[in-house]
Amino acid sequence: MAAIGKSNDMEFLQVSLKRCNGRVAALSVVGSLLFAFAAPVYAQDATTADGVFTTAQAERAQAIYDRSCASCHGATLGGGASAPPLMGFPFTSFWTGKNLGELNDVLHTMPADNPGSLTDQQYADLIALILDKNAYPAGDTELPADGAVLAGITISPAAQ
Amino acid sequence: MIKQLSGALLAAIVGAGALALPSVAQAQSRLDNYTPVTDEMLQDPAASDWLMWRRNYQMWGYSPLDQINADNVGDLQMAWAWTMEAGRQESTPLVHDGVMFLMASCNFTQALDAATGDLLWEYRREVVEHPAALACGNRNAVLYEDKLIMATHDAFLVALDAKTGQVAWEHQVGDWQVGHHYTGGPLIADGKIIAGLSGCYHINSGGCWISAHDVASGEELWRTYTIARPDEPGGDTWGDVPLESRYGGSAWNTGAYDPETNTLYYGVAVPIPWGSEQRGTGDGDVLYTNSTLAIDADTGEIKWYFQYMRNEQWDLDHPFARMIVETEVSPNADEVEWIAPDLTAGETRKVITGIPGKTGIVWTLDAETGDFLWARSTVEQNVVTGVDAEARTAIINDEVRSSIGEQVYVCPYLLGGINWQAPAYNPNTNAIYAPVNNLCMNFTLNQVQPTIGAHHGSARSTPVIPESANGNVGSFTAVNVATGETMWEFDQRAGFPGSVLTTGGNLVFVTDDNRRLRAFNAETGDVLWEQILNTRAGGFPTTYEVDGRQYIAVPAGTGVSYATATPEIRVPSGGNMLYVFALPQD
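Read top to bottom, the protein sequences are chains A and B. The opening residue of the first sequence carries number 1 in my numbering; numbering runs sequentially from there. The opening residue of the second sequence carries number 161 in my numbering; numbering runs sequentially from there.
These are calculated hints, taken from the structure and not from any lab test. A virtual CB, placed ideally from N, CA and C, is assigned to each residue, including glycine. There's no promise every hint is true.
Looking from chain B toward chain A, a few residues come up when the C-beta cut is under 7 Å (computed) [said to hold, decoys possible]:
1. 292
2. 294
3. 361
4. 606
5. 607
6. 608
7. 613
8. 615
9. 620
10. 718
11. 721
12. 724
13. 727
Cβ-Cβ distance ranges computed for the label pairs, FRET-style [said to hold, decoys possible]:
14. 139(A) - 611(B): 26 to 32 Å
15. 139(A) - 727(B): 30 to 36 Å
16. 44(A) - 628(B): 39 to 45 Å
From the structure, some residues in chain B lie toward chain A, with a derived Cβ separation under 10 Å [unchecked claim]:
17. 247
18. 289
19. 291
20. 733
Take the sequences, apply the hints, and build the full model.
In structure tokens:
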């Protein structure tokens, strides 16, 4: 799924999600792949203020977070000992101006005790959860599991 | 909160089948014969017992048992296993009179027949919604008189009746809602309970403390703060920062104790936030962070301190087990980077040694005075460039200091050359066996807004394997305590997140990040036995004897891990399991 190409000429294709249901979501993504070039495309100056994930995507990431992340980063993403907070000022002050591709790369080194053990889609969903917890707006389109697309989205200053 | 095998349940088990009867009957008799733990036992434990975290006050992780030894360890086989509570695995199985006390994550505690694993009683503490993710990594309890005494994730001291698991008393010490918790367990010294508070890496005013408590009630007897108060000696090392804005100094591992001098040796962790620019403490030393405190167990008075790293900023904590050893002091300058200029080599002294901090440096100090004797590195590090013996501190490399937003390359990684996984000391070889790790990091301080109860969130870091390691993260190293020389070293790709057990059988046991539990020849470093487990083992291996049979207990499951740097080594998360090994019975 990570091989979806990025093209600035393509139409922005929305992956429709009828329900907050992992299986439906997976089918929808597979379905979108059948359309060959059906990856979401963002404007070159896309930012996390643009609604780049869906609430449903963030919600379904909660179970992944609880299982794979919470033991170090805390149940509420607040951080723990050596594991930095994933929400709030310490998070946004560091990540503002960087892009989601960089965040995606860091996530792929996690969980610390079993790095790379999640699917690309699960990492993308976790980014959606992190954005949601940091009060970035949700939109109508899921954040794709494509590092190149993610790298095109800049992390904007935290909402006040 | 207590569930005990009731008479009705016992009847049900017996009724269910005759096979159940012998084990239950035997289990009951184990508790029937349980004897109170005395001060004399703590000072000179029976070979069959493991009564406290590292077995003795000197923090050796050593047992004189030798039924399992270098000649027969190849015959080891599993005696029994036991699924443990999910969560952080940092447990130390304690054993007395054939009863094992197994405190797992969030202080969930079970008493088991140490020969079979049969359950005797269990205690489940109500789990609070603690703000600190690590609060439930509870490392050890301690046995004393007829009690099992623990320090909890919600910052209480709790005494359980060792025979029943019933709560005898509990006493609140800290405030979990601002982050306080205990992960390092209590110690019994001078007839008191001594406990080092943690959770001061969350924002709570004035930092952590070490306190003494009445063994019969938990009532507090004295308290020594780990952060100097403004009007006390060292108070000016925090500049003008008022007490309520001084944070950090968790004392998150159990201290060592010397009954001969009635002195406690506790380690103190880092200041919070990590960067001096974030703290507003300028060039101040921020006492007593990253120090050893020698404390009078009677009064709590600080007899001396030695601050390994002043004004530290990389989360390179120095809170780990201090070892007390009587040894000849003859550091070999070919292998020991830093030696006290006025050292008279060849003298026998009582020293505080081991690896107190994440730098992986072995520091050896005089136990009575805290004077610097010698120090050497065990892994790649670029933070300490020298030792100022007179000032009693390391000389820090200014190149790795940074301001907010500036990335620096620092060795070791903030998980440490070593973390809370504990080395062991064997008096027969006079060696420390250290599970150390070669990792560096790209480290960037970020802006902070300290909020009471919240994590400090000082920095981001990514691990990097240093070139000098040739791809090998793990380095299991034997260091001679007299000379500082490396006796042997076992390097490999997988890191060593496991603690060490060494025995009178000329053996050293350690686990790695790739599920390997190995027994080494303590003298030569030869691998004599290997067992592949279900996962790495974050718990502390212990050994004990029941009915003439020696057992090795290894709590598997993740505590610390260096796997981020070796992603090709895949080990599943979870799977907490206690393995117990023994030699075959005739």
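Tested hints:
| no. | hint | verdict |
| --- | --- | --- |
| 1 | 292 | 6 Å, holds |
| 2 | 294 | 5 Å, holds |
| 3 | 361 | 6 Å, holds |
| 4 | 606 | 4 Å, holds |
| 5 | 607 | 4 Å, holds |
| 6 | 608 | 6 Å, holds |
| 7 | 613 | 9 Å, violated |
| 8 | 615 | 4 Å, holds |
| 9 | 620 | 5 Å, holds |
| 10 | 718 | 4 Å, holds |
| 11 | 721 | 4 Å, holds |
| 12 | 724 | 5 Å, holds |
| 13 | 727 | 4 Å, holds |
| 14 | 139(A) - 611(B): 26 to 32 Å | 29 Å, holds |
| 15 | 139(A) - 727(B): 30 to 36 Å | 32 Å, holds |
| 16 | 44(A) - 628(B): 39 to 45 Å | 42 Å, holds |
| 17 | 247 | 7 Å, holds |
| 18 | 289 | 7 Å, holds |
| 19 | 291 | 6 Å, holds |
| 20 | 733 | 5 Å, holds |
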